[in-house]
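Based on the provided sequences and hints, a complete structural model is requested.
Protein chains in written order, with our numbering: chain W, 1 to 998; chain X, 1 to 539.
Just so you know, these hints were derived from the structure itself, not from any lab. Cβ coordinates follow ideal geometry from the N, Cα and C atoms, glycine included. Don't take each hint at face value.
Said to hold, decoys possible - In silico contact screen, one side only, chain X against chain W (beta carbon under 8 Å); selected entries:
| # | residue |
| --- | --- |
| 1 | ALA51 |
| 2 | LEU59 |
| 3 | MET111 |
| 4 | SER114 |
| 5 | VAL187 |
| 6 | TYR197 |
| 7 | GLN200 |
| 8 | LEU228 |
| 9 | ASP300 |
| 10 | GLN305 |
| 11 | THR321 |
| 12 | ASP323 |
| 13 | ASP326 |
| 14 | SER410 |
| 15 | ASN529 |
Claimed, not checked - Computed list of lysine-lysine pairs in DSS-like fashion (alpha-carbon distance at most 27 Å, straight line):
| # | chain 1 | residue 1 | chain 2 | residue 2 |
| --- | --- | --- | --- | --- |
| 16 | W | LYS611 | W | LYS510 |
| 17 | W | LYS554 | X | LYS41 |
| 18 | W | LYS554 | X | LYS24 |
| 19 | W | LYS413 | X | LYS24 |
| 20 | W | LYS47 | W | LYS81 |
| 21 | X | LYS24 | W | LYS443 |
Here are the chains, one letter per residue:
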Amino acid sequence: MNTKLIKSLSVLFFSFFIFNIYSQYSISGKISDVNGDPVIGVSIFLKEISTGSTSDFKGDYKIDNLKEGNYSILVSIIGFKTISETININQNISKDFLMNEDALLLNEAIVIGYGTARTKDLTGSAAVIRSEDFNKGSVTTPEQLVMGKVPGVKINSNNGAPGSGSTIRIRGGTSINASNDPLIVVDGVPLDNGGVAGSANPLNLINPNDIETFVILKDASATAIYGSRGANGVILITTKKGNGGEIKVNFTTNNSLSSIVKYTNVLTADEYRNVINNNGTQNQIDNLGDSNTNWQEQVYRNAYINENNVSVSGGIGSVPFRFSAGNKHEEGLLKRHKLDRYATSLTINPSFMDDHLNLEVNSRYVQTDNFFTDQGAIWAATQFDPTMPVYSGDTTYGGYYETLYSAGGNTGKPIPLSIRNPLGLINQKEDKSKVNRFIGNAKLSYKAHFMPELKAVLNVGTDVINSSGTVLVPETAASNFQNGGFQTKYDMQKTNQLIEGFLNYSNAEKSTSHRIDLTAGYSFQEWSTTSPSYAGLNIIGDTLNAPGIPTDTKNALLSYYSRGTYSFSDKYIVTATLRRDGSSRFSPENRWGWFPSASAAWIISEESVLKNSDFITFLKARFGYGETGQQDIFYDYPYIANYQEGSSTAQYQFGNQFVNTLRPDGYDYNIKWETTSSTNIGLDFGLLNDKINGSVDYYSKETSDLLATVPVVAGTNFTNFILTNVGSMKNEGIEVNLNLGLLNTNTTKIELGLNATYNKNTVTGLSLVPDTSSIGIQVGGISGGIGNTAQIHTVGYPTFTYFFYQANYAGQGLSYGEWQTLNPIENSFVDQNNDGVINIDDRVRFGNPNPNWFLGANLNASYKNWYLGTSMRAELGAYVYNNLASNYGNLQAGNSTFNSSNIHNSFLETNFQGNNNEQLLSNYFLEKANFLRMDYITLGYNFGNEISEKFNLNVALTVNNVFVLTKYSGMDPEVVGGIDNNIYPRPRIFSLNLTFDF
Amino acid sequence: MNYIKKINCLILVSITIFSFSCSKRLDLEPPIGLSSVDVYKDASNYEKVIAKLYAGMSLSGLHGPSGNPDIVGIDEGFSQYIRVLWNLQELPTDHAICRWNDVGIPEMCKMEWSADNSFVKAMYSRIYFQIPIANVFIKESSDESMDEKGFTTEQQNEIRIYRAEARFLRALSYYHAMDLFGSVPFVDETTPIGVFYPEQLERVELFNWLENELIAIENTLISPSQVLYGRASQAAAQSLLAKMYLNAEVYTGTARWADCVTYCNKIINDGTFSLDNNYSNLFMADNHTSSEIIFPICFDGQYTQTWGGTTFLICAALGSTMDASDYGMNNGWNGLRATPTFVNIFTDSTLDSRWKFHVSGEKVISGDTVTVYQDVNIGEVLTNCPDTSGYLIGKFSNIDQMGNPGSHVSLTHSDTDFPMFRLADVYLMLAEASLETGDQNTALTYVNMIRERAYGNSNHVYSTVSLDDIVNERSKELYWECTRRTDLIRYNKFTGSDLLWSFKGGTTDGSSVDNFRNLYPLPTYDIVNNPNLVQNSGY
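Below, the structure is given as structure tokens:
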């Protein structure tokens with residue numbers, strides 16, 4: 001390499017020498033923005049001689065050694081409109097440029113999957129979110145950075161536990177039982193989105209501070225290049241890179257306090273005593289205690305979060321690099337719960353052979369140390385008798401008050417199935433894990449010497465996750481007293497390896513009227529997961545649970561893809577893609593699938609009619625159609641008849657021997673791709689010099705060969721339910737995105753972003769044989785009884801539609817809103833078919849947990865060095881089932897089988913005495929889940945170098961989860977899946993952030 | 001030179017790429033487990049597959065007590081074969097009620113089940129989990145198939161017996177299907193695995209098929225004196241045939257009393273089995289030592305763990321002041337109770353050793369009168385009532401005859417086996433069939449042997465016996481052993497209003513139930529899935 005470098009340098013030196021001989025003139029000047037401020041780092045490029053310069057910190061530039069002649073000059077930098085002019089140089093010229101901001105960043109190259117494209121050339125629906133627009137405050141996991149930013153992209157955090165994951169749905173879910181998660185690609189490496197033992201969420205193993213941009217590909221014309229993984233959209237994450245040059249150091253420190261916003265509504269000790277004294281059995285009254293314990297206050301706390309990140313970027317010699325290191329210490333609201341993350345990353349992107357050979361190496365290594373508090377304490381805290389004390393006064397069972405046998409041979413021992421002391425659960429369990437993840441890739445791209453328009457790219461990547469954890473419950477803990485304590489461990493290793501290569505031809509630098517961009521390549525990716533199984537032991541080492549069957553599973557995807565884009569005069573653009581995917585998950589006959597797409601765009605504003613319009617400055621129409629697939633079915637060998645051996649606790653006795661069992665798994669030899677065909681029609685616009693800009697999209701996605709888990713025809717398989725291609729489904733919607741540059745002066749800037757999405761989901765087919773009598777597939781298990789479900793998939797309705805008995809009210813005939821304020825008649829339901837019996841035939845479909853509308857609003861304002869930002873989200877039209885009220889909002893709940901327990905305070909209104917299946921499934925407990933949430937508000941001051949010449953300082957105060965406006969009676973209306981049952985509360989977080997730049 | 005290097009480099013890269021792009025890399029097989037072809041290549045695997053077929057009636061999945069379940073869509077423990085069979089055979093009778101409000105349970109007790117009832121579905125799913133697995137095993141163990149694989153004569157002889165056992169186990173599940181559901185879909189070793197629609201076999205056709213099948217394997221099975229405990233012997237097949245003949249009129253419209261007598265006598269004359277001296281021994285942790293059990297479903301606290309089976313029968317019955325440790329378990333689940341009707345058939349309760357009711361404050365019964373533990377009105381039992389209400393009963397126990405508890409480390413799972421067929425049942429079948437053919441003497445002999453064992457002396461023997469006496473004797477002798485519903489149907493007392501008990505028909509005192517409830521419905525999902533099926537009338 002050294003000799004090559006010397007050669008290259010000598011060539012460079014030689015060319016300077018040559019220019020020196022013939023040079024005569026120079027061009028120089030100042031580049032400034034509309035406010036007169038210098039613009040730094042602008043590229044000034046002379047096309048004819050491929051020579052250029054960049055503006056310095058004062059906005060000055062200069063290019064020497066120019067021969068006399070006409071030159072096409074391109075002045076460009078991201079964020080401003082590119083200036084293209086022809087200049088005649090016949091003397092030393094001084095020329096200043098005034099740059100206009102480009103709100104649409106039309107010339108910015110964004111990553112689109114196997115290459116890049118200019119925003120202007122996009123024909124599909126794609127959204128870009130850059131780091132400066134990310135959500136602020138205490139963000140642990142990357143997807144939270146873009147929550148509420150993009151129409152059509154619904155992101156809901158699953159709960160408030162440290163590092164917990166989110167549910168991301170792009171334009172609704174396209175499947176029932178296969179994955180509905182989008183494909184996430186980091187620097188060209190598609191990630192494994194399966195779960196990781198010992199980690200709340202595998203995405204929290206990426207440091208959000210290292211992320212530069214998110215590109216979200218929403219429609220099939222954009223995602224079809226990802227073929228069988230494109231059906232649910234694709235999120236392309238690009239991490240920050242070094243840009244060579246001067247070494248810069250950035251240090252940020254963020255310190256936060258989090259606190260609980262709202263408790264679950266259960267009776268206070270006094271209310272409980274009152275209820276039991278008036279309504280309870282003599283036994284219950286006798287058992288009342290005289291303490292006043294708020295168990296929820298006992299299990300939650302104000303928690304502290306600390307995060308520090310340092311990054312160093314620049315160039316060492318000619319090698320641009322960026323190195324970062326960060327740690328985050330996050331305490332959960334639940335006592336003892338905590339997450340520690342240590343993240344490092346190194347990126348280098350050197351170029352060789354006169355920029356013909358580019359190498360980009362990204363590597364990131366993250367370790368998280370988790371301490372998981374027993375989340376059973378959340379439920380126990382709502383249920384434990386509030387008249388009982390926290391501590392028993394003696395040292396047995398760790399000193400915690402527990403429900404004990406009062407008679408018989410077990411007197412004084414804990415009753416096994418009774419509720420355990422919530423604080424005892426927390427303090428008497430050590431559940432720890434350590435998870436390491438390495439994601440790395442090396443991308444080599446070579447521009448052919450004989451034809452620089454042709455580029456070959458080779459990308460190899462790997463994603464390795466190692467996790468391990470231990471669980472220990474001492475023998476003194478009441479929860480495991482009968483077993484003599486409990487201990488176990490687990491570990492898991494996941495690897496994901498990628499090799500891909502593609503060729504790209506692009507004449508973009510040569511031609512503006514006929515731009516052609518062609519890409520063709522292949523990719524091979526293999527995922528494997530192994531996880532041994534360990535026994536559960538008691539403290540002295542007796543086996544309580546035998547080891548289960550270990551996991552060892554692998555799948556691979558082999559793909560060929562191509563894309564062609566043709567753009568005429570920057571006005572008419574067509575793109576077509578074709579991908580062929582082969583998945584190891586399907587039989588050789590069904591393994592391969594074709595995934596085509598075609599799309600077109602017309603930049604109307606380039607037409608002469610509009611070209612000089614002051615009002616419409618940009619207008620583009622898009623149309624696309626494509627087919628994508630889904631093969632992520634969470635199981636790698638669905639088509640193979642496989643026999644598995646049972647564990648040592650599942651043997652059978654023959655004489656005096658116990659014999660291991662061998663069982664076939666159910667399989668479907670004919671299982672194949674789920675296919676989603678989607679259409680997208682969109683309009684992008686910029687008005688008033690793009691001060692107002694945005695887009696409107698209509699989409700329709702139809703899934704066929706829908707993969708659903710359905711009952712097996714009895715006698716035809718080795719199981720009773722099987723995942724098979726059985727139905728069809730449709731998602732249809734409209735997205736609107738609007739950015740308003742409300743004010744932009746020397747000192748003040750106000751920008752408002754608004755987005756809205758309407759989505760309608762309908763199941764259009766769902767059984768092996770066409771049938772109209774089927775009620776559908778019941779799903780959505782609830783607490784209360786065993787096997788009760790609250791939701792149903794039915795043809796003609798959205799997935800997960802609620803399926804309930806309709807409560808009778810004293811005021812029948814009133815409208816929904818009116819009767820909801822009344823109390824229902826206990827155990828009385830509408831006999832829909834008037835057959836005199838209340839049974840499943842009387843259950844009715846009511847709404848579903850997904851909103852019809854979801855909205856986002858983002859405001860950014862600055863005045864001099866002050867800035868203010870906020871982001872809000874709203875969801876409308878969804879329903880949530882209050883399972884806590886349904887299960888515990890009655891007198892019977894206070895008298896459970898094994899102990900006295902608390903009652904949900906909805907009892908005070910309803911006065912429900914008992915509890916049964918029909919009552920549990922009463923639509924009375926279904927509530928509207930409409931909400932408006934302010935995700936964060938931040939106020940900052942940029943000191944610049946006011947404090948010291950040596951560094952710049954930026955200070956910001958942020959509040960996360962500022963408020964939620966809702967009529968929902970439970971703790972939080974944002975319940976993924978719609979069944980509200982002891983969700984880990986989302987904290988409100990106050991943070992102080994300091995950023996230093998050296 | 002440089003160019004050539006670059007080209008070489010490109011070629012190298014291309015080769016690497018090509019090797020990765022080879023589509024053979026998509027031929028991945030599970031690293032854990034064996035493909036079906038590999039399983040049956042190795043003669044030693046046959047024992048493990050037949051063990052799974054037996055375990056299908058005892059375990060809920062591949063990992064005891066739960067994990068990697070055989071059927072899904074319902075809680076694993078709730079859906080264990082014996083537990084659902086018990087729910088279907090005992091809950092809708094005078095023997096039992098359950099105070100849990102889990103979905104489907106109150107409907108079973110009130111005889112108001114629908115075609116979507118979770119236990120009806122679970123029973124059907126368990127049956128049709130067993131049958132296809134047996135089918136594949138039977139197919140892979142045919143003489144031709146074994147010859148093809150080149151098994152030795154010794155291996156073939158062993159596998160031939162396993163094959164007969166697989167046919168017995170398949171027949172047992174088909175018998176349950178015929179008894180509970182009537183006409184059901186039929187698949188055998190000639191049908192494939194995959195999407196197709198099995199034909200529905202009429203109940204009488206299934207009866208005939210079962211009869212032929214059991215007679216065909218009768219002599220291939222091992223004799224009762226030589227069989228290993230746990231495996232099905234000739235007597236198991238004979239017991240099943242006797243049971244079919246006993247109920248033949250219900251299944252086919254034609255009574256087969258004489259055949260029932262023949263097959264009961266075969267078992268008795270073999271001489272291997274004898275009545276246990278002590279009734280309680282039959283339901284204890286060491287009941288595998290009993291001389292009376294003809295065919296057990298085995299459970300073990302260490303090696304055969306489940307939340308169903310006898311763990312369920314013991315724990316679910318423990319409640320109120322019953323002390324779990326007296327039954328060798330660490331806790332009670334407080335669910336099962338008996339009905340007042342059943343309590344009342346024990347007219348001389350204190351003398352009958354089969355009386356296992358829990359009496360307030362004490363366990364040992366002495367004197368002539370006892371009070372059964374019942375604080376609160378029986379009417380509350382079905383609504384997750386306070387745990388003090390209802391009649392508690394403790395028939396099954398995880399204590400052995402020496403008074404020691406079972407083998408599970410924390411006494412969570414029982415060692416007690418479930419007697420699917422036992423000699424007392426055969427005696428009572430013989431008595432009933434004999435009486436039906438007019439042989440009062442034989443009937444008296446065998447009923448009185450049961451009574452002598454129950455009372456420990458001959459003071460309570462009958463001098464004449466009626467069919468009503470026999471069905472009552474069966475009730476007292478065989479309660480909670482999954483025979484009550486079948487017995488009541490044979491006597492036309494399950495539906496209608498001849499015999500009423502609490503919650504029959506959904507009323508506290510009991511009320512008449514329509515005759516269509518003599519059969520369970522085929523689950524809705526299969527009616528929808530399989531166009532060949534016709535639902536039982538009334539559903």
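Going through the hints against the structure:
1. For X:ALA51, the suggested interface contact is upheld, since its CB lies about 4 Å from the closest CB of chain W, less than 8 Å.
2. Because the smallest distance between the Cβ of X:LEU59 and any Cβ of chain W comes to about 5 Å, under 8 Å, the interface hint for this residue holds.
3. Proximity of X:MET111 to chain W is violated relative to the hint, the smallest CB-CB distance being about 13 Å (cut-off 8 Å).
4. For X:SER114, the interface hint holds, since its Cβ comes within 8 Å of a Cβ in chain W; the closest pair sits about 6 Å apart.
5. About 4 Å separates the beta-carbon of X:VAL187 from the nearest beta-carbon of chain W, less than 8 Å, and the hint is met.
6. Hint status for X:TYR197: holds, given a least beta-carbon distance of 6 Å to chain W, under 8 Å.
7. With a cut of 8 Å, the hint placing X:GLN200 at the interface with chain W is violated, because the nearest CB-to-CB distance is about 10 Å.
8. Hint status for X:LEU228 relative to chain W: holds, with the closest Cβ pair at about 3 Å, below 8 Å.
9. Annotation: interface hint on X:ASP300 holds; nearest CB of chain W at approximately 6 Å, less than 8 Å.
10. Nearest Cβ of chain W to the Cβ of X:GLN305: about 5 Å, under the 8 Å cut. The hint holds.
11. Hint status for X:THR321 relative to chain W: holds, with the closest Cβ pair at about 6 Å, below 8 Å.
12. Hint on X:ASP323 holds. Least Cβ distance to chain W is approximately 4 Å, under the 8 Å limit.
13. A distance limit of 8 Å between C-beta atoms decides the matter here; for X:ASP326 the minimum to chain W is near 7 Å, and the interface restraint holds.
14. Taking 8 Å as the C-beta contact cut-off toward chain W, the hint placing X:SER410 at the interface holds, the least distance being around 4 Å.
15. Taken as an interface hint, X:ASN529 checks out: its beta carbon lies about 5 Å from the nearest beta carbon of chain W, inside 8 Å.
16. With a CA separation close to 24 Å, the supplied pair W:LYS611 and W:LYS510 stays within the 27 Å bound.
17. With a CA separation close to 25 Å, the supplied pair W:LYS554 and X:LYS41 stays within the 27 Å bound.
18. A threshold of 27 Å between alpha carbons decides the hint, and for W:LYS554 with X:LYS24 the separation of about 14 Å falls inside it, so the pair holds.
19. Using a Cα cut-off of 27 Å, the hinted pair W:LYS413 and X:LYS24 is violated, with the two alpha carbons roughly 61 Å apart.
20. Proximity of W:LYS47 to W:LYS81 is assessed by CA-CA distance (about 17 Å); at most 27 Å being required, the pair is judged to hold.
21. Pair hint X:LYS24 plus W:LYS443 holds up; C-alpha atoms about 26 Å apart against a cutoff of 27 Å.
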